[in-house]
Amino acid sequence: MAIDKAFLKEHGKYLLGGIVLGAILGAGAAGFAVYKSQEPGRQALVGLAKAAADLTTCTASIKEFQDGLAKNKELIEKTVADKAELERQLTDARGEVAKLTESLKKLPPKAPEKPQPTKAEQKKTPPTYSRRPVRPSVPPEEVRENWEEGL
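Numbering that gives the first Met the number 0 applies: residue 0 is where the sequence shown begins, and numbers increase by one.
Since the hints were derived computationally from the structure, they do not count as laboratory data.
From a predicted model like this one, the values you see are computed outputs, not experimental measurements.
Mixed in with the good hints there might be a few duds.
In the SDA-like style, the derived pairs of lysine to any residue whose C-alpha atoms are separated by at most 25 Å in a straight line are [said to hold, decoys possible]:
#, residue 1, residue 2
1, 72, 92
2, 4, 67
3, 4, 98
4, 70, 85
5, 70, 9
6, 98, 88
7, 12, 58
8, 113, 98
9, 98, 83
10, 62, 5
11, 12, 42
12, 49, 70
13, 104, 90
14, 98, 87
15, 4, 60
16, 4, 88
17, 70, 84
18, 82, 60
19, 49, 68
20, 82, 94
21, 82, 92
22, 109, 119
23, 82, 62
I would like the entire structure built from these sequences, with the hints used as guidance.
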């Protein structure tokens, strides 16, 4: 008999409760058997205790599995939402690129660049200085007169 996910999701807690109740009743029956007959009842009680421990472990594993499925479902839903948002942003970006491409096509063509001087031409051209010329503290007429007197 196959149990599908929908049935397990809807009736899982009742199923687990029934398994636990069965384990408790089985332990009670084993205790009664020990009371009636000593050695066979003890062996049955040990076997039943092992089965109850296995059943408890199995129940815990089922619960962990259900928790893992719930977390995975949440992660999948979040990933799908993130993907939809990224696709929307990509579509918007493509629209922007198309608009920019159209506006670039409408711009006038770029003017041709001036040719750069060769190294020889650069050596011929004297460098230009941006510093202001230094003004002499003595007016030029006095300098000229003093120079003529010195001759």
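Now for the hints, and whether the structure bears them out:
no.: 1; hint: 72 with 92; in the structure: 30 Å, violated
no.: 2; hint: 4 with 67; in the structure: 14 Å, holds
no.: 3; hint: 4 with 98; in the structure: 50 Å, violated
no.: 4; hint: 70 with 85; in the structure: 22 Å, holds
no.: 5; hint: 70 with 9; in the structure: 18 Å, holds
no.: 6; hint: 98 with 88; in the structure: 15 Å, holds
no.: 7; hint: 12 with 58; in the structure: 10 Å, holds
no.: 8; hint: 113 with 98; in the structure: 31 Å, violated
no.: 9; hint: 98 with 83; in the structure: 23 Å, holds
no.: 10; hint: 62 with 5; in the structure: 16 Å, holds
no.: 11; hint: 12 with 42; in the structure: 31 Å, violated
no.: 12; hint: 49 with 70; in the structure: 32 Å, violated
no.: 13; hint: 104 with 90; in the structure: 21 Å, holds
no.: 14; hint: 98 with 87; in the structure: 17 Å, holds
no.: 15; hint: 4 with 60; in the structure: 16 Å, holds
no.: 16; hint: 4 with 88; in the structure: 36 Å, violated
no.: 17; hint: 70 with 84; in the structure: 21 Å, holds
no.: 18; hint: 82 with 60; in the structure: 32 Å, violated
no.: 19; hint: 49 with 68; in the structure: 29 Å, violated
no.: 20; hint: 82 with 94; in the structure: 18 Å, holds
no.: 21; hint: 82 with 92; in the structure: 15 Å, holds
no.: 22; hint: 109 with 119; in the structure: 29 Å, violated
no.: 23; hint: 82 with 62; in the structure: 30 Å, violated
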